[in-house]
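Which chain is which? The protein sequence lines are B and A, in order. What the first sequence shows, in the numbering used here, is residues 1136 to 1640, in sequence order. What the second sequence shows, in the numbering used here, is residues 36 to 260, in sequence order.
In case anyone wonders, no lab produced these hints; they're calculated from the structure. All of these numbers come straight from a predicted model, not from anything done at the bench. Wrong hints could be hidden among the right ones.
[Claimed, not checked] No farther apart than 25 Å at their CA atoms in a straight line, the calculated lysine to any residue pairs in the SDA-like style are these:
#1 K1189/B with T1536/B
#2 K1189/B with V77/A
#3 K1189/B with T220/A
#4 K1189/B with V87/A
#5 K1189/B with H214/A
#6 K1189/B with A142/A
#7 K1189/B with R60/A
#8 K1189/B with S1310/B
#9 K1189/B with A83/A
#10 K1189/B with G161/A
#11 K1189/B with A157/A
#12 K1189/B with W135/A
#13 K1189/B with V1506/B
#14 K1189/B with W1284/B
#15 K1189/B with T132/A
#16 K1189/B with V1272/B
#17 K1189/B with R67/A
#18 K1189/B with G1532/B
#19 K1189/B with V204/A
#20 K1189/B with W213/A
#21 K1189/B with E1539/B
#22 K1189/B with I1179/B
#23 K1189/B with G1281/B
#24 K1189/B with W222/A
#25 K1189/B with Q1276/B
#26 K1189/B with A217/A
#27 K1189/B with S99/A
#28 K1189/B with P216/A
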Amino acid sequence: MTAVQAPAAARPTPVKRGPLRATARLLRLELRRNAMLWMLPVAIGLFWFTAYRKAVAIPPLWNLRAASMQIGALLAFVCPVVGAAAWMGSRESRRHTTDLVTITARPRWVRQLATWAATTCWATVGYLGCVAALYGVTAQQAAWGGPLWWPAAVAAASLPALSALGFAAGTLIPSRFTPPVATVAAFFVLALSTQLIVGSQSYWQISPVVTGPWDMTPDAGVGTFYPYLPDLPIAQVMFLTGLTIAVLGAVALPGGSGGGWLRRPAAAVTMAGLVAAGTAVALAGTGTMDAHGMIAIPALHDAANDRPLRYTPVCSHTAIPVCLNPAYASYLPTAATALAPVLSEVAGLPGAPVRISQAAATYRQGIGNSVGIGLPGPPISGTPPVFRLLLPSQLPGPTMTTSELAAAVRSSAGFALVASVIGDNAGATRAQQAVTAALSMSAGLPQSSPAAPTRQRPNATVPLPAPVQSAARRFAALPASARHSWLMQHLAALRAGRIALAQLP
Amino acid sequence: MTAGTARKVPAAAPDREARLAWPPRAGMRLLRLYAASRRVPVAIGAIAACAVGLRIALTGHWDSYGALQLPLVFEAGAAAAITITTASPLGEPERVTGRWLPFLRLATTLALTAAAAGALTAAGIGAHLAGGTVDVLRNLAGMTGIGLLCAAALGGRLAWIGPTGYLVVGAYGLYTQWHGPALTTPWIWPARPPHDVGAEMCAALVFTIGIVITSVRGAHDPAGE
């Protein structure tokens, strides 16, 4: 037989073995020889250092820890995953085996997909182990609620996309410089793309490191009183899936990856992926921050998620019970102890609340990325009256120690409670101001006047006039029982503004 | 070749001028070959790309996080590019015959580090480069040292693992300056102020150890690579 008579091989001859079995064997081989396996200690070490330590240091609330985990895990895994994928993608070129494996039965794309899948598998295994460790510890510490899976799903969906991007870079530009360049570029895009977010209607919220309104650090009040909205996570998972498909399809487009019979479906797959990713970006751009502090996307929103979560509050045994959401049960002793002197002063007075009940904060988008958080309406409402309390941890700010939390509860909720009972608001009389100051003095509260009672956070100390201070000191010097009996008799008149400063005992 | 024909061959460098000219030319050729074998021109291109990227990025508006983390990202890229040049494609034969190798390794690494420091500093001229020149030099030297240690342990081609891994640690260290508890150890030098002596000493120590080890022993060449 001469060379002329030899039949030309139009395309790789299919192997006889079952395709699934052969694919599984190829994947097993790739799993055994994958660089990501050796990068797992780096990824897990980075996760421990940057995500786990930080997450376990914050209060054991599922919403806080899940959001913190999503961001931390992504930034910990981006460098190892992209680097290892790029390293694996350039393997054939690095080992000068491109020509050798080109003549094998399987198209190049199929072999590349097996390598990518193995890299992604190891990265996912490492990530799931990290999530299991963090969620396991949180499950032991959290007083109420359960794991939030959407943040974990977004980070999990990011791994195939990161792996695909790194793999494509290594395949298309096989150089020893490709892994670090791809790694640094991926970190740059992931960590710093959020700089472009302005307000809650931003297309850049599609970035998987975004868990809610940007520049509002993971907030304790989000996802506790109302369900954690899956709108933005759904769009992010859709984007990441589309991106993964598009990138993997694009790997098959250059010549050499397969014949025209392979490139045409690969082009279709790439287009489908791009359409999915583009749609997700467009959806993310329509999102707005709702009143509960989460991003709601109209096209993906389920109205059932707007209903508050049911829970049985945990209450203290103080003069007026302090009742908190069970997720905040660990805060109850501190809050109850901090408010106990105030509660003793106002308990039993006409118009005094029968219960201090923790309320859900409402969120308003401000200028740029600023978010206003507070209580809607007056702090005391309902029949019988209930004082609605916002814990300092529901407001923006750094994590507090127990003593800092107690001081903050005293100065915010304590003062707001006294002012509400006495009626010391913007148009209060001097007698009301004096009685409020006297009760605050007796309860050991800081001497201040609330700038906005509904916010429960006095942000400006207004010095009282000398006659008011003098009357307050005089009233505070009375025995507690005398103060209480006087208030029982005159509180209605005092609230109505019919008591003059000179009439105070 | 016979003795007769040998006589026709011109004597090697008979005059004094030729003797003086030959060694520098050979030395330059050796340097050029060494640089080509280590992909030094590509590394220089990568460093230049990092500097250009930093310059372009600095023209944008960044908040405090971004302004501090931005230079660190490009410093890590430049450090990774420098350390990858330690990978040798020749392996054992070169180690056996190349008595100038330690000096070539040392000179190449020092020259690339100086070039990267200069390029990144130049990129910040006329813009707000957080930390300034001292920060650039410290972070670049420290991360290059980590990369060189990685090259000695894992191989030159995998030396990028060190700087890119440390990039995450450094960025997190900067993040903790806002969201405490702040990491204050000098071993996380990007999170320390520019003139912090402890951080400078740590970075310098890592760079010195890394450059000594890779100059003397070279990068680890894994079997099969």
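Structure versus earlier hints, numbers of those that do not hold, lowest first: Of the numbered hints given earlier, those the structure breaks are 2, 4, 6, 7, 8, 9, 10, 11, 12, 15 and 17, listed in rising order.
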